[in-house]
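Undergrad: Sequence:
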Amino acid sequence: MHGSQDLRDEDLLPLLTDFYTRVERDALLAPYFAAVDMSAHMPRIADFWSTLIFHTGRYSGNAFRPHLSMPGLTAEHFAHWLQTLEATVDAHAAGPAAEHMKALGHRVALGMQMRLGIAPGSTE
Numbered sequence: 001m002h003g004s005q006d007l008r009d010e011d012l013l014p015l016l017t018d019f020y021t022r023v024e025r026d027a028l029l030a031p032y033f034a035a036v037d038m039s040a041h042m043p044r045i046a047d048f049w050s051t052l053i054f055h056t057g058r059y060s061g062n063a064f065r066p067h068l069s070m071p072g073l074t075a076e077h078f079a080h081w082l083q084t085l086e087a088t089v090d091a092h093a094a095g096p097a098a099e100h101m102k103a104l105g106h107r108v109a110l111g112m113q114m115r116l117g118i119a120p121g122s123t124e
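Everything in the sequence shown is counted per the working numbering, starting at 1 for the first residue and increasing by one.
In short, the hints are calculated from the structure, not lab data.
Treat the hints with caution; some may be incorrect.
Claimed, not checked - Here are the computed distance ranges between Cβ atoms for each label pair:
id, residue 1, residue 2, range
1, GLY72, GLY95, 34 to 40 Å
2, PRO14, ALA75, 28 to 34 Å
3, ARG8, ALA119, 32 to 38 Å
We put the beta carbon where it would ideally sit given N, CA and C, even for glycine.
Can you make the complete structure from the sequences, with help from the hints?
TA: Below, the structure is given as structure tokens:
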């Protein structure tokens, strides 16, 4: 796909697989995912994003709960997660749905930070 066409629902799984591969190589973020079987978890993550972006209703559950068991999260972690998400989306797609996914990423990150009591920092 590589940035030329807009994001579609069927593009989410490969995009998210690429995203979490990048996260697992990231020194700041990787420790938070080391104990997670991402290949098993990936369909659920894709369903979460599919529901947010395309209103498919495939995800039900509490996306916040797993993050409660991640001690030491800071605004820097969330900013880095967002930068990685945006770079991955940009590498895969361009258009309204891709932009929507990036905007939703900011909303998800802000919501998680607020619920965890972390003051949002700069995303620069």
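Undergrad: Does each hint hold? Answer for all of them.
TA: Hint by hint, here is what the structure shows:
1. Taking 34 to 40 Å as the suggested C-beta distance range, the pair GLY72 and GLY95 conforms, at roughly 36 Å.
2. Separated by about 29 Å at the C-beta atoms, PRO14 and ALA75 satisfy the suggested range of 28 to 34 Å.
3. Here the CB-CB span from ARG8 to ALA119 is close to 36 Å, well matched to the stated 32 to 38 Å.
The structure is consistent with each of the numbered hints, conforming to all of them.
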